[in-house]
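Given the structure of chain R, go ahead and fit chain A onto it with the hints provided.
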Amino acid sequence: MKKALFFTLAMTLGSAVAAPFVHPAAWTAEQNTANKRGGEFRSYVISDFKTINPFTSAEADSIPGTMDTGTGLFTQDPRNDDLIPYMADGEPVVSNGGRRFVVKIRQGMKFSDGQPITADDWVTTYRIHTDDKVGSNSYDSFFLNKKPITVKKIDNSTLQFDFPQASAKALVIMSYAPWPDHIYGQAYRSGGAEAVKRLWTLGTPASQVVSPGMWVLESYQAGERTVFKKNPYWGEWNKDARGNALPYLDRYSYRVTNDLNAALAAYLAGQIDSFGPRNADDLAQIKRAIDGGNLKATLIANVSPQSTSQWITFNWNKAEDPDKQRLFRDVRFRRAMSHIANRQAMVQLALGGLGSETYYSVYPIFKNYISDAAPKYRYDLAQATRLLGQLGYTRKNAQGYLVNRAGKVLEFNLATNSGNTVREQLGRIFTDEAKKVGVKVNFTPIDFNNLVGQLTAKGANRPFDAILLGLAGGDNIWPFGTNTVPCGGNLHSYNNPTNGACLTPQESLMTKLYYQGDATLNAAQRRTIGAQLLKAEAELQPVVYLVGGNYHVTYSERLGGAYEREMMDAYYGSRTIALTFIK
Amino acid sequence: MIPFLLRRVVQAIPTLLLASLLIFFVISLAPGDFLTPAKLNPNISAEQIANLERNFGLDRPAWQQYLLWLGNMLRGDFGLSFQYQQPVLGVIWPRIVNSLWLVLLITVLFYAVSIPLGVYGAVRQNSLGDKSVNVVLYFLLGFPSFFIALIVLYFIVQARFATGWDIPVGGMRSDNYAELSPFAQALDIAKHLVIPALILAITDAAGLTRVIRGQMLEVMRSDYIRTARAKGVTERTAIWKHTFRNAILPIVAGIGGTLPGLIGGAGFIEVVFAYPGITPMLLNAIGTQDLYLIAGFTMITTVLLIIGNAISDILLAVVDPRVSVS
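For the protein sequence lines, the chains are R and A, in the order given. The letter at position 91 of the first sequence is residue 90 when you use numbering that gives the first Met the number 0, and the numbering goes up by one with no holes. The letter at position 188 of the second sequence is residue 187 when you use numbering that gives the first Met the number 0, and the numbering goes up by one with no holes.
So here's chain R without its partners, still in its complex pose:
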């Protein structure tokens, strides 16, 4: 009896004092051994915040996005890309052929108002995100191949996720931030989507805002400054390697600078703590200020490539111009175009030497998915001439342009969005090089909205020849785009007939490999499939990838707790905020 009593007592205590998540010591190069506490990390945004509501927010930097820092059932380890349990108490129990995940939630987690975080919060958040009347930006992340994912509560601390098919990104999809059921669930049950949208606008007093994560809103001033304070309950389950509560900082603030030049001025004047240098000019100004002793800061140039791409896509759906359609559909033509792209000159001239050459849809930063088996059609005008010769373009006219037997000049229109100076330069370099081999490129920057309309048009006769544009976004778990690779996707830009069918066997293969990789839970196997997909894509060259800018890091000497240089990159950034401290 005594033993049983002791056992029950031990169990109760055990669950009451649940194990916290310990941030590995290796997540920072600089341990906070002096136990510095407090202070403010002063950051910047270039456009004012639009809302506090996590369900209507659509910005890259946002108020809810800052508040949910330090949430999610799983989190990615920047050392090895592994997904490790975070708000989950341990690894999920997987069944039903990799489609059902049962996850226990870590005990003792609380919202910033002291209410416990339970399974209901995840279920409610899921319900609201998937209500199309709410218009949440996360709506699509709860669907796989147009089939819905379901989230169910087993008990207060257990969740069950059912996927329509196995997915490598399952743990990422599950790692959405849980918003309070006692606020959003209540509103949703009584007033539906409209009630949810009315909650937490910019006029809402900060004291009514509740956060599951590291930060909670302290004050908001339109167009000026937004300040977050630390959520004290977060530190109860987030500790450093020595058992101290996190974060070390008291505050995290954003100054609205409207424009990157103003942000740079604020950084040079010491009013903000870090800045994202864009180009050689920014780097030079920061370096001069550091060398002159006016700015006490660290500057690391060319840390990694950015996770973006710039490319040229050729339209395969030109029913009204069969000659061009035949040309654009011929793989030799597209390879020749890749040979024409002088990527080195693009890096030097358009990016001031601060960039990386790109050959694949996978950004060079995701090294694990770049394979040597995939061909690169490098800058080589002789090869381009030879390939175009195979297409029947062997003669040049008086102006030096290639003509076919019928005397028709080899030419096409290339458009990009006006105002993007880098793209305008890339297009001009491409045009100049094309002229050297006798291809006439009519390069015109046009209005962005028109351009997007053309690119996403569907049908047998789409209104463009070639477009130079860029994309960003994606992760390193399965770094192929769901809208770009499979046939029928919105951004399957080269071939987009009304019925979304593939045209070539390679496209069908790529679509198959995309879904196969997406459904492979084992990382090593997934990489093997990724290598096959990359090879198929590179051989087909439906899109000619050009160059991408580099990521640079600079931060004030006030800050401690950055990553080791090797761990910094455009994907993980330069530090974990929880382990950052003011020296």
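Just so you know, nobody snuck in bad clues.
When the alpha-carbon atoms are kept at most 20 Å apart in a straight line, the in silico SDA-like pairs for lysine to any residue are as follows: (1) K38/A <-> N54/A; (2) K295/R <-> A158/A; (3) K38/A <-> G488/R; (4) K457/R <-> D32/A; (5) K295/R <-> F160/A; (6) K132/R <-> G78/A; (7) K238/R <-> A18/R; (8) K38/A <-> G458/R; (9) K457/R <-> E46/A; (10) K168/R <-> N42/A; (11) K434/R <-> Q398/R; (12) K132/R <-> S44/A; (13) K132/R <-> N54/A; (14) K38/A <-> N449/R; (15) K582/R <-> L298/R; (16) K511/R <-> A522/R; (17) K457/R <-> R328/R; (18) K109/R <-> A18/R; (19) K132/R <-> N42/A; (20) K228/R <-> G202/R; (21) K457/R <-> S44/A; (22) K103/R <-> N155/R; (23) K152/R <-> V92/R; (24) K132/R <-> F142/R; (25) K38/A <-> T455/R; (26) K457/R <-> A500/R; (27) K132/R <-> N50/A; (28) K457/R <-> L34/A; (29) K103/R <-> E90/R; (30) K228/R <-> N175/A; (31) K286/R <-> F160/A.
Quick list of the computed label-pair ranges, beta carbon to beta carbon: (32) T236/A <-> L259/R: 52 to 58 Å; (33) N278/R <-> R235/A: 58 to 64 Å; (34) V317/A <-> A283/R: 57 to 63 Å.
Keep in mind the hints are simulated off the structure, nothing from the lab. Just so it is clear, the structure is predicted and the values come from calculations on it, not from any experiment. We put the CB at the ideal spot given by N, CA and C, even for glycine.
Quick look at chain A alone, frame taken from chain R:
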């Protein structure tokens, strides 16, 4: 006075209706809509874009959107901003108030600079002082104010480096604003306002200074001033009471235009100085095609322009006895 105002109100109705039509359809003529950039997002599906179009009413033809907007506006509802997902008035009001402070200071400085300089130029015509003022003002007139602001910003940063003084390089308040006493708070805001306000007031002053100078010269040569002088009024009275009062009539007539200007913000200078005024927000709204935000703000400015014109008519009647509103 009352019939005059009533007449103005009746005249305003067709003007506003036509303005609303123009505003709405000119904005709608631009290619694409608020959701166009979302179409390039690899993570947003076509179905979701269609959902959002339905939620925002963007799937309806423009004339239906217009009628709906007009109907709501008559009830005082300017619609929802797409980006903020909240009523337009709630979004622009705090920005307008911020801009108002800056523009008021600019207006005060503007008149404080141009009136004395204009009068001085007329009284001491072609003196060395007059000529140097003209040269400097011409020089400033030739540069856009935002460009001068960028140069000033550069020098402020250099001055901060050299002296360590906390000269504000932008914004409206210091980081520690909340902890200051009310007096220190007012001082803090003034500190942030004064540099952008001075830049704009001085660069704009060139025009008005020359108008005042020209007007003063013309009036000074008129018979009644000569008569007044001959009758022995002091020089000060001759200049300020007789000449100046008559010379500023065209300026008073133009004051109506300053009312929409007051809420219209200080333009690019707000962007350069990261000032939380209306301009950066409006530029952003134009960039993202936030239809109702742009249309709502433009309507409000149109209304103020009409009110401003009425006010300047009344003011003119007060200053110039020859004009009567009734």
